[in-house]
Amino acid sequence: MAVLVVAAHDNKSVRANVANAVAAATKLDSDVHVLVAGKDCGEAARSAAALQGVTKVLHVEDAAYANWLAEDIAPLVVKLAPNYSHVVMAADSVGKNVAPRVAALLDVGQVSEAIQIVSPDTFVRPIYAGNAMATVQSGDKVKVLTIRPTNFKAVGTGGSAPIEQIGGEGGKGLSSYVGAELSKSERPELTSAKIVVSGGRGMGSGENFKIIEALADKLGAGVGASRAAVDAGYVPNDYQVGQTGKVVAPDLYIAVGISGAIQHLAGMKDSKTIVAINKDEEAPIFQVADYGIVGDLFQIVPELTAAVGKK
Amino acid sequence: MKVLVAVKRVIDYNVKIRVKADNTGVETANVKMSMNPFDEIAVEEAIRMKEKGAATEIIAFSAGPAQCQETIRTALAMGADRGILVQTDAELQPLAVAKLLKAVVDKEQPGLVIVGKQAIDDDSNATGQMLAALLGWSQGTFANKLNVADGSIEVKREVDGGLENIKLKMPAVITTDLRLNEPRYASLPNIMKAKKKPIETLAPDALGVDVAPRLKVLKVEEPPKRKAGIKVKTVAELVDKLKNEAGVI
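For the protein sequence lines, the chains are A and B, in the order given. Residue 104 in this note's numbering sits at position 104 of the first sequence; the count goes up by one each step and never skips. If you count the second sequence from 1, you need to add 1000 to reach this note's numbering.
No lab work stands behind these hints: they were computed from the structure. Not one of these hints is a red herring.
Computed beta-carbon distance windows for the label pairs:
1) Asn-1030(B) to Val-178(A): 47 to 57 angstroms
2) Lys-1016(B) to Ser-160(A): 43 to 53 angstroms
3) Lys-172(A) to Arg-1184(B): 33 to 43 angstroms
4) Thr-157(A) to Asn-1030(B): 49 to 59 angstroms
5) Lys-172(A) to Gly-1161(B): 20 to 30 angstroms
6) Asp-10(A) to Lys-1016(B): 33 to 43 angstroms
7) Ile-1191(B) to Glu-43(A): 51 to 61 angstroms
8) Ala-1090(B) to Glu-181(A): 37 to 47 angstroms
9) Ala-307(A) to Gln-1067(B): 52 to 62 angstroms
10) Arg-1018(B) to Val-178(A): 43 to 53 angstroms
11) Arg-1184(B) to Gly-204(A): 19 to 29 angstroms
12) Ala-16(A) to Lys-1145(B): 20 to 30 angstroms
Even glycine gets a Cβ: it sits at the ideal position worked out from N, Cα and C.
Isolated chain B (complex conformation) (with noise of 0.2 angstroms):
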């Protein structure tokens, strides 16, 4: 079976957002970019399945500038086989990546998707549900654990009250929540066996895909900032002040 993940590149999760003075966006010259830590979690699970026979290849696809082709690089780096680029500057937004990764997916014909529930620079959490609908697929959102078997998936999900079991027909997308595994580091020797790894660059139109935005960002501001407080020496004036000043118990 082959599996297809899609890795997003994204602002490094340690980097401080700053937003544009124009108010057109965050600043995102001369920072620090990265793979969107679901998709890490996405890539570390199919090649934990590759690991175990239960895949056979592990495509890793991105869509977005040149510079995506890292991101593929650290996926193959971790143990895909190979990659798929659709490269383009234009801003991408969710559904327009679910259209993307499905011409791709009608074009490999991969058993599984898995993606990150969501990516931490727009925090949609939506392409993996937008996929599996355009597929008419099944979906296992935030798995927590995955089990393949004969043509079924197993899929331990988690929501609002704790956890639920669903089994779903295959082929599935599978969107990754944090406590599905904790994926590896790339070791020197393949971080260098990567860069001989193919990568297969697209374009949209190639794939026949429109991938105009479908929501306009008219402003991006800075969130109103809360104020620090004080600090209280005992627990007395704690009790007090929460008491007496926020009458809050």
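Just chain A, with the same shape it has in the complex (with noise of 0.2 angstroms):
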């Protein structure tokens, strides 16, 4: 049976994590369909269809989908669901907000935050911030899963996969959306930038992050911070990489000011090279970083946004 990706998009493309959903999908089935449910989202819809593995797009137009509440895109997957062996979505705010209301509706459990598949039915997942990996099984009749992104490697693009226009369910009328207030940045996107720069608590304020920005930007990076950064008010909340925050896997990770503690550790570890900065020399951070280097952060970040920029 084919498996169904459910698709977070902006109307214009789909989310850059349906590319790692798609690449999990795969690993199910050969056959694999991606819901792509909106308002003037035809050109989502496309760029679903261009992803490498995709075999068929479903492109549904129907206002109720326009801003992606759960309440009114949970009945249309469960009438989708039957014909299909597994729903995917990536574990970002939408998989999170909308798979555990679908599995419910299903009567399934939920696979949640899967970081590999052994088998169609069996999966990892971290528990406990990733102190513990627990391999679970599932008999359930569909199985509804989230996906850590950074876990599965996005597929390519020049696919040409086919698309079905198919019709909505309309809205159930139990919530509306009122607005976003979203932190506009002209930074890569956390999850997806291959470097990122996150700052702690021994920034000490939120205008000390100009440094931490400084050196993102000379080095292309996405900007993140600690769970202790954006508790003290030094930063927005999307900054926040950890267990309850975002989950990155760049290619260099830079930790300044950051202690380590365990839920944000489970957020960053698995980043290929991290390095940390922190003027205690027994802070957990450099436990797990490659390279460290102790000492005071506002003499070491400028002097390395510095360094990094010559040739």
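Both chains are given apart, each in its own frame, so use the hints to dock them into the complex.
Next up, the structure:
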């Protein structure tokens, strides 16, 4: 049976992590369909059709799906689900909101944040903030899973799957979208950036994050933060890297003034190379860092910013 | 309006997790247990609603072994009015907890259910959404701010790109994110008072709920360890390593 990937999108294209979800889906079955639902999302449907491994795109135009309200999207997925062995979503704020609602309506369990597919019914997922790895087997008729995008290498583009128009289910009227306060940034998005520079409580203030941003801009990096820095109000919530924030796995992760609490490590320890800058040489972050520098971040970071610019 | 909050008993967030030698799970014997931190935020939010006059009664729900009474007592000491424990020694997964919650909601008819967005043990992030689905209610997940207004509730949500505002028809299920509030500590007089507050104990069978797990845990293992690297003395040395050894810049 085919696998259904439910894609979040911005009408112009599907989110980058849909390519990771498709990669996971291709490990389950060779027949992979992608659902793109929304209003005026034809372009996004075409971007899904171009992903390698996709065999069909289901395109739904319905104003009810314009803002991705779980109450409205879930019944659509539930209607389609009996034709599929699995429903797969990326474990981002859309997938985490929608997939469990789908699972409960289907009366099945959910496999949350799978990091490995052992077989079509067996998955590995992190528990206890990544301090243990559970291998779980699902006996449910339709398997609903969210996948951790950083653990599945994104498929490429160049495909040309057929796009089928299907009808929507309309809205339930339970919830309505009011608006968004999105952080505006020219920098690469955290979860897909090749380099991430993150600041922690050691930054001391939001103002001091400027030196992090200067380094990030020099490197073309995304900017992240520890929970402590977000809780202290230095930076907005969407900067948070960790168990309950974003999980990142860039080629280079630079942790500045971050002690390395377990819940932060859960969000970045799969990075290829980790650099830690901290004045406390006993900080746990040094236990996972490939390269550490002990010292005053207010000296080291500007020095590093100057140094990486030189050829 | 009645508000129902769900509280889970989990290994305390400060405890270092140890995987059992036989790979059947993690060590829970002689380990400090506490209320799931996200559920503390749920309890706090309900208490603030009551203090503002938006809520009239707060019911603290838990499901699990008899010791979950302690977790409910903590909620009562913070300010909840009474408790309901669905007592079972069976392994409970999110769908089962959502079904137990639904059975209690059908009985109690609260106007709002507030739960933590995830438990720090299984990290599923599913129970609230599942409960909303089973009830056919609206859901406000990852709440950063709530405003109850005349039959509806405005929810500011923490999402990937920042914050999102939605409006939900009541009754609704809310799941809490970290910035919703800072939970209070229970005062000693309130801890004493909480001992007299009632806790009703029910069995899953009495609620007509089959709690059999849907996911079979085949094994639980240690994660692969990352080796500590080296300390460098200077920025120049760091840049050299990043360029020539790691090849990442």
